[in-house]
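Number of protein chains: 4
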Amino acid sequence: MAEGDLVVVWIDPRRVYLVKLERGKRLDTDKGSLLHEDIIGKEYGESLAIQRGKAHLLYPTLDYIYEGLHRPSQVLYPKDIGYMIYVSGIKPGSTVVEAGTGSGFLTISLANFVGNEGRVVTYDVREDMQNRARKNARLLGLEDRVTFKLGDVRQGIEEKDVDAVFLDMPDPWLVVQHAWSSLRPSGTLEVFIPTTNQLERVFLTMIQNNFVDVKAVEIIMREFQVKENATRPRTIGVTHTGYIVSGRKSIKGS
Amino acid sequence: MAEGDLVVVWIDPRRVYLVKLERGKRLDTDKGSLLHEDIIGKEYGESLAIQRGKAHLLYPTLDYIYEGLHRPSQVLYPKDIGYMIYVSGIKPGSTVVEAGTGSGFLTISLANFVGNEGRVVTYDVREDMQNRARKNARLLGLEDRVTFKLGDVRQGIEEKDVDAVFLDMPDPWLVVQHAWSSLRPSGTLEVFIPTTNQLERVFLTMIQNNFVDVKAVEIIMREFQVKENATRPRTIGVTHTGYIVSGRKSIKGS
Amino acid sequence: MAEGDLVVVWIDPRRVYLVKLERGKRLDTDKGSLLHEDIIGKEYGESLAIQRGKAHLLYPTLDYIYEGLHRPSQVLYPKDIGYMIYVSGIKPGSTVVEAGTGSGFLTISLANFVGNEGRVVTYDVREDMQNRARKNARLLGLEDRVTFKLGDVRQGIEEKDVDAVFLDMPDPWLVVQHAWSSLRPSGTLEVFIPTTNQLERVFLTMIQNNFVDVKAVEIIMREFQVKENATRPRTIGVTHTGYIVSGRKSIKGS
Amino acid sequence: MAEGDLVVVWIDPRRVYLVKLERGKRLDTDKGSLLHEDIIGKEYGESLAIQRGKAHLLYPTLDYIYEGLHRPSQVLYPKDIGYMIYVSGIKPGSTVVEAGTGSGFLTISLANFVGNEGRVVTYDVREDMQNRARKNARLLGLEDRVTFKLGDVRQGIEEKDVDAVFLDMPDPWLVVQHAWSSLRPSGTLEVFIPTTNQLERVFLTMIQNNFVDVKAVEIIMREFQVKENATRPRTIGVTHTGYIVSGRKSIKGS
Chain A
1447 MAEGDLVVVW IDPRRVYLVK LERGKRLDTD KGSLLHEDII GKEYGESLAI
1497 QRGKAHLLYP TLDYIYEGLH RPSQVLYPKD IGYMIYVSGI KPGSTVVEAG
1547 TGSGFLTISL ANFVGNEGRV VTYDVREDMQ NRARKNARLL GLEDRVTFKL
1597 GDVRQGIEEK DVDAVFLDMP DPWLVVQHAW SSLRPSGTLE VFIPTTNQLE
1647 RVFLTMIQNN FVDVKAVEII MREFQVKENA TRPRTIGVTH TGYIVSGRKS
1697 IKGS
Chain B
1447 MAEGDLVVVW IDPRRVYLVK LERGKRLDTD KGSLLHEDII GKEYGESLAI
1497 QRGKAHLLYP TLDYIYEGLH RPSQVLYPKD IGYMIYVSGI KPGSTVVEAG
1547 TGSGFLTISL ANFVGNEGRV VTYDVREDMQ NRARKNARLL GLEDRVTFKL
1597 GDVRQGIEEK DVDAVFLDMP DPWLVVQHAW SSLRPSGTLE VFIPTTNQLE
1647 RVFLTMIQNN FVDVKAVEII MREFQVKENA TRPRTIGVTH TGYIVSGRKS
1697 IKGS
Chain C
1447 MAEGDLVVVW IDPRRVYLVK LERGKRLDTD KGSLLHEDII GKEYGESLAI
1497 QRGKAHLLYP TLDYIYEGLH RPSQVLYPKD IGYMIYVSGI KPGSTVVEAG
1547 TGSGFLTISL ANFVGNEGRV VTYDVREDMQ NRARKNARLL GLEDRVTFKL
1597 GDVRQGIEEK DVDAVFLDMP DPWLVVQHAW SSLRPSGTLE VFIPTTNQLE
1647 RVFLTMIQNN FVDVKAVEII MREFQVKENA TRPRTIGVTH TGYIVSGRKS
1697 IKGS
Chain D
1447 MAEGDLVVVW IDPRRVYLVK LERGKRLDTD KGSLLHEDII GKEYGESLAI
1497 QRGKAHLLYP TLDYIYEGLH RPSQVLYPKD IGYMIYVSGI KPGSTVVEAG
1547 TGSGFLTISL ANFVGNEGRV VTYDVREDMQ NRARKNARLL GLEDRVTFKL
1597 GDVRQGIEEK DVDAVFLDMP DPWLVVQHAW SSLRPSGTLE VFIPTTNQLE
1647 RVFLTMIQNN FVDVKAVEII MREFQVKENA TRPRTIGVTH TGYIVSGRKS
1697 IKGS
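Chains as they are written, first to last, in our numbering: chain A, 1447 to 1700; chain B, 1447 to 1700; chain C, 1447 to 1700; chain D, 1447 to 1700.
Simulated from the structure, these hints should not be mistaken for lab results.
No distinction is drawn between identical chains; accordingly, a pair holds when it is met within one copy or between any pair of copies.
Quick list of in silico lysine to aspartate or glutamate cross-link-like pairs, DMTMM-like style, CA-CA up to 20 angstroms:
hint : residue 1 : residue 2
1    : Lys1698   : Asp1484
2    : Lys1661   : Glu1674
3    : Lys1477   : Asp1659
4    : Lys1500   : Asp1458
5    : Lys1595   : Glu1605
6    : Lys1500   : Asp1659
Just chain A, same shape as in the assembly (with noise of 0.2 angstroms):
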């Protein structure tokens, strides 16, 4: 690792945080102290004893940026990203867009996952969110694959021919039309709301605007607490996130 990396520090699943490594800065946490000096040159994967544990110095994998992100509106998690990009149909060199941006975090793994020869673009109404989330993606090296517009997808989207749109706001069913338009045949749109009413409403609309193989489904994770003969789902815990609606694009035989 160089000046400049980004590294998780994993203490234990409660104490992760996520660093870009500066000479001369530290980080403190309860269980003792780390000088990014004496993370520069390690190698990911290795750890280090600190006061009172070891810290493991881990590569970011998106999830982990999960955790570290500060994340204000942040509803859509790991269990839920992973299934619509699955089912998306995305793959290196996709074409995907996105609205909103919100903290960036679909955007950067849906930037993850297209590679370098793909593209992402990613509407929002809001600059602040999108400086926040351009700047996430430039901490992960993922900025070049991302264009950053600033605009209403309700008003329409500029992309023709895209593999995939990612719709995660409140009305998505303004924009299934635009989608529709916007994707190439056969192209997928994923749609993720947290409730019941928008489930419906979104459904009912990509079925009339002509998608097919409209699916909504919940995603439910349940996490495990495991100790020699005392195995056990976790006491407390996120019980509901949203709701995922799936589609593609159907058009007149010629």
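Add chains B, C and D to chain A, keeping to what the hints say.
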């Protein structure tokens, strides 16, 4: 679409067909028939009228392949694979080891996401399974990214410095140490197992073998039946597939 | 057991029979046959050898009756009824109003718990359903506790000062005000409905009509398949029955 | 309501108070205060204006008691107790054995449903827990139906021919044989345990000890947050309490 191409013929949620186009062949369903010749020359995304309905010609994304493939012993579902791939940290260019190959559904999914410059090495002790999986990979044009190895990972994994190891086998605890040796520091082990006993055993074995941030989860998917003013989860469905245990390789600091 | 008694013949989880003992009759199953005469004189809890297995003669508790009754339109499951009865606050001696009667499964359950000094009044607009439910109640010796009324609760509920009202019908919001009038102050309304739309509508109607502590829940039951060292939830099962909305009548202070 | 009566003061879902009325006492909350004297003479179900809201005076049903009781080691929730009582087959007049007593919440629930002519015998090895539970039962006027026994059910159960046995203890498999001896033929054993290891062990022990129709389930409750056009499950909540194993005593035919 040209001869030899793969297409998903989607009529309704219960009638989904994965078809390899060959002149002179015909797809017969209880809603009507389609000559492959009538599909050749069409674009993905188009729909064709059939006797009692409409056939939508969709590009075969991974979950459609899942619906279309015969899968005798399939337990891994899109909900599980999407999550595992997401938290594994893989991306275009990654090198991944998998065991056992099984029907090749996970193999294909991994190959999709590691891209042209990535590599999937998949082990299985059964030659018939590997042949079947190789055929599936070829069908999807992903064969070049996959190395099929006839062998038992419980005896060791030949590859070194890999980014992630995926295990879907009855006794994964016998492979935890081999996976650790095979992974690069900070690399990820993803294990899928159906019972709570296996969950506990592989989790504890990982803790004992220098994996950190070991997490055990269950991903539950609920499907919804959406009608105007009558939206609800489906009545009958899949209630369990398996558990996922993830962890990352940690090494002693130099 | 004597002639006329009810017994559950339990052979295995898939072979459960609710039988009314009559001399000269025979129970035929693919595991073997049993003459009612061979059961008469036995004690509940005894088992008898049959051709290919063992028949256990169990006392008919409510959930066995559930398994044994033909239930064409049954959606209420023991998991739901158990919860509703528990939070309803009923006990031996309570007076309860129910609508609609349906197959009478909830009727019988309520009659079981209010005891000899309690009373269940059940409304239905369909005479055939009521006859069927009456027959079921008689079979269980609970008929004396139940008043069957042919009528539409949307037009009003005649009973006053009742302890609880249970609604299992498509448009319960039309009965919320009548239920309020029928209940004693502090009494409980329990509503069962399958869709999220009904959930929202009845919940809000209750809030508007002076019910307090209004709660909406879903009770999900997961069944386990237990084997030594191979314990796991079942693969396929019921994924949704309905939602339960509960609330209590509040009146202005004097 | 008279002095000495129990009342639930419900202000909103987060402000629920179980109060025993005593002249001269006062209930203080951050929404305002209430003199017990102002409640005495009122009817259950009435509401009183307080400084910043409304106090609803509700009759204490079991789930409210649950909210109101201090419950240091409580893991059994209404969703679990409702189901266990329902499938146990108990009714007014039943005799039930329970161990351990714990906070007495299950004891009180059982006493409620067996009625005046029923009986609950509850064992615990800790005298302090029993005293606390006895106090709770007295508070609810249910003390006469309950026999508190200081003792260890792993050494045996004195009562014979009981209708049901309920176990909520760490090692219930040590009591399975004693429960069998204590139950009448066809009687029910209900066991509550938090881990999958305990689930497996007690299930298999029951199968080996002549219990039939042994079933293991988990009851999951999801709470909903209902607003007009914005209905959804709650975000954070209880994700696990425990598993329930049920079975019925079978004896050899005479």
